[in-house]
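Chain residues, written in single-letter form:
Number of protein chains: 2
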Amino acid sequence: MKILITGGGGFVGARLARQLLLKGQLTGQSIDELHIADLFPPPADLMADARVRVHTGPLLAQTELFASGFDGVFHLASAVSGECELDFDLGLRSNLDSTRLLLDGLRKAGNAPRLVFASSVAVFGPDVSNPLPDLVTDNTLPSPQTSYGTHKLMCEHLIADYTRKGFVDGRSARLMTVTVRPGKPNGAASSFFSGIIREPLAGVESICPVDLNVTHPVASPSNAVHGLITVFEASRQAMGGRLALNLPGLNVRVGDMLQALEDVAGPQVRQLVKFERDERIAGIVANWARGASSERALALGLRPDVSFTSIIEQYIQDCQQPSYPADALKGLKR
Amino acid sequence: MKILITGGGGFVGARLARQLLLKGQLTGQSIDELHIADLFPPPADLMADARVRVHTGPLLAQTELFASGFDGVFHLASAVSGECELDFDLGLRSNLDSTRLLLDGLRKAGNAPRLVFASSVAVFGPDVSNPLPDLVTDNTLPSPQTSYGTHKLMCEHLIADYTRKGFVDGRSARLMTVTVRPGKPNGAASSFFSGIIREPLAGVESICPVDLNVTHPVASPSNAVHGLITVFEASRQAMGGRLALNLPGLNVRVGDMLQALEDVAGPQVRQLVKFERDERIAGIVANWARGASSERALALGLRPDVSFTSIIEQYIQDCQQPSYPADALKGLKR
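If you read the protein sequences in the order shown, they are chains Y and C.
Counting in this note's numbering, the first sequence runs from 1 upward without gaps.
Counting in this note's numbering, the second sequence runs from 335 upward without gaps.
FYI, nobody ran anything at the bench for these hints, they're computed from the structure.
Fair warning: this is a prediction, and the values are worked out from it, not measured in the lab.
Take these hints with a grain of salt, some might be off.
To be verified - Pair by pair, the computed Cβ-Cβ distance ranges are:
hint	chain 1	residue 1	chain 2	residue 2	range
1	Y	D87	C	V538	52 to 60 Å
2	Y	Q25	C	D431	34 to 42 Å
3	Y	E279	C	D366	54 to 62 Å
4	Y	G28	C	T390	52 to 60 Å
5	C	D545	Y	G28	23 to 31 Å
6	C	P519	Y	T56	52 to 60 Å
7	Y	K333	C	T471	56 to 64 Å
8	Y	E279	C	P465	38 to 46 Å
9	C	K499	Y	I316	37 to 45 Å
Beta carbons: idealized from backbone N, C-alpha and C, even for Gly.
Working from the sequences, and respecting the hints, build out all of it.
Have a look at this one:
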């Protein structure tokens, strides 16, 4: 099989690539070539695998690549929420135009490859006539409140139509907020969902901009990757005639995230989290799903992470890898 | 005010243009220029009005026009359902690319003009995990089953995002099936909703391809035009934070449509309708909304047509106009 991961240089994409290389096959067929298209080259371990082919640069420059005859595609590349809000045209180019170029390339190749699109829980948002329920379900009316969520929802429908026409065999999996992410805090409003765990574990103070009672659906990186692969391998019949589904989320309260941190790492680590309300971030988060249910994903055998403790333990285990900073667990080791 | 109607040469668009010229103002401001952009020139009566400016050709060639500083826009131009199914790329160009070019032109002008987008009840469709309810409401989850419906839904969300960013003041009004349309039967699966009334009134036999018990939400041309104008004039506040709404539909059974025809025109006219089931058309119609409710439109003071009899009477009155064929009511006059 010849597989493509767009955004395969990013955190979730590289993890997906590693998992696919380890697994060695998809739907029972061996993976011979794993193509990674991203703005930046993927981590060294991926570059070193003989099956990996790297395509660096904007997706909009990959017309020929997309039409080169893939058997399967994971489409993860995307400008993120904060970028899209700052640069409206960049968002449309990176998310909508790139997806269409990809779809038209796959269509041109003519073999109707299977395609998993990484959509997002950001398709949901409140509106005056239809406030968000406590749990967003597969049947909740999407009402995105960001350009990012808008693009994801538009692409879900575009992919459904290319699939209906037989040009691709597409499905859209809505990722929950993935945590704990490695690296530095970034400009994303959701950054603190990783920061309040990652920074204290490294012995660094972290600011929580919302109060303890905020709840949100989250997933560990490995759970998210497992979800993408499971949706890829699901039969059309198992998808049940509808092409977009919520991946499982663990619905967790910020206070319970911090209790889990204390349980795993002790009170001195937890005490590195300070509360300083940021009205801008709190306002954005107030428009996000407070929880999610995932009936259709459950029917495919997917499950949320069992606890936030297990999510923290996964991060601690990840930190053993050479690609993580040497002081990533400095707080834990004191 | 400088107003633009895209698709202003078509049946609903030209009727909207006439109504605006008659009304002379929108939201209390006089209409000084009414620009009509369409593939074909509008009817002669519109060409003759000194306020009308005509722009003939594809919307994709109207970059400068769109940025020329409109105060209000009615965006009706669209490739229809049948065209989009036959030519996938034409559909994307005509519906998605043209809408984006229009939005970017309006954004470039910088005055955030009010915009009404003519969306469609075709955004709704059944799927296995979420069958269509008896009445589709403003809160029904859209699941389009045609490229046309897909494009309409994508544009609704794109317009909502341009509005959220302050680039336009947009709203999307979902038109029900407009009947009775003049002219010849066309390739649209919905063509018979006009044909089974129009042809018998002209003394011509008409084939009904579905059975008497099929129900569907319909609106008269004047009701549809009134809906578009009312949505244009509604305040942002009255729109209630959500930008897409169902226009009112009269939920009517095919059998009751024919009874109304008999009531208005007599049994000999009704007998010109023959039933010959067409499995292709019946299959398409089975995926359509069987009825609609329109809570948000009702809150704006809009109402469905009072009866199908009144819809037929409106068509008979329309036939007095010089632009209608002389023998349009030949069946009635026998």
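Consistency of the hints with the structure:
1. Y/D87 - C/V538: 52 to 60 Å: Holds - the Cβ-Cβ distance for Y/D87 and C/V538, about 58 Å, lies within 52 to 60 Å.
2. Y/Q25 - C/D431: 34 to 42 Å: Since the Cβ atoms of Y/Q25 and C/D431 sit about 39 Å apart, the hinted range of 34 to 42 Å holds.
3. Y/E279 - C/D366: 54 to 62 Å: Since the Cβ atoms of Y/E279 and C/D366 sit about 44 Å apart, the hinted range of 54 to 62 Å is violated.
4. Y/G28 - C/T390: 52 to 60 Å: holds, 57 Å
5. C/D545 - Y/G28: 23 to 31 Å: For Y/G28 against C/D545, whose Cβ atoms are near 46 Å apart, the range 23 to 31 Å is violated.
6. C/P519 - Y/T56: 52 to 60 Å: Roughly 55 Å apart at Cβ, these two residues keep to the hinted range, so it holds.
7. Y/K333 - C/T471: 56 to 64 Å: The hint (56 to 64 Å, Cβ to Cβ) holds, given that Y/K333 and C/T471 are roughly 57 Å apart.
8. Y/E279 - C/P465: 38 to 46 Å: holds, 43 Å
9. C/K499 - Y/I316: 37 to 45 Å: holds, 41 Å
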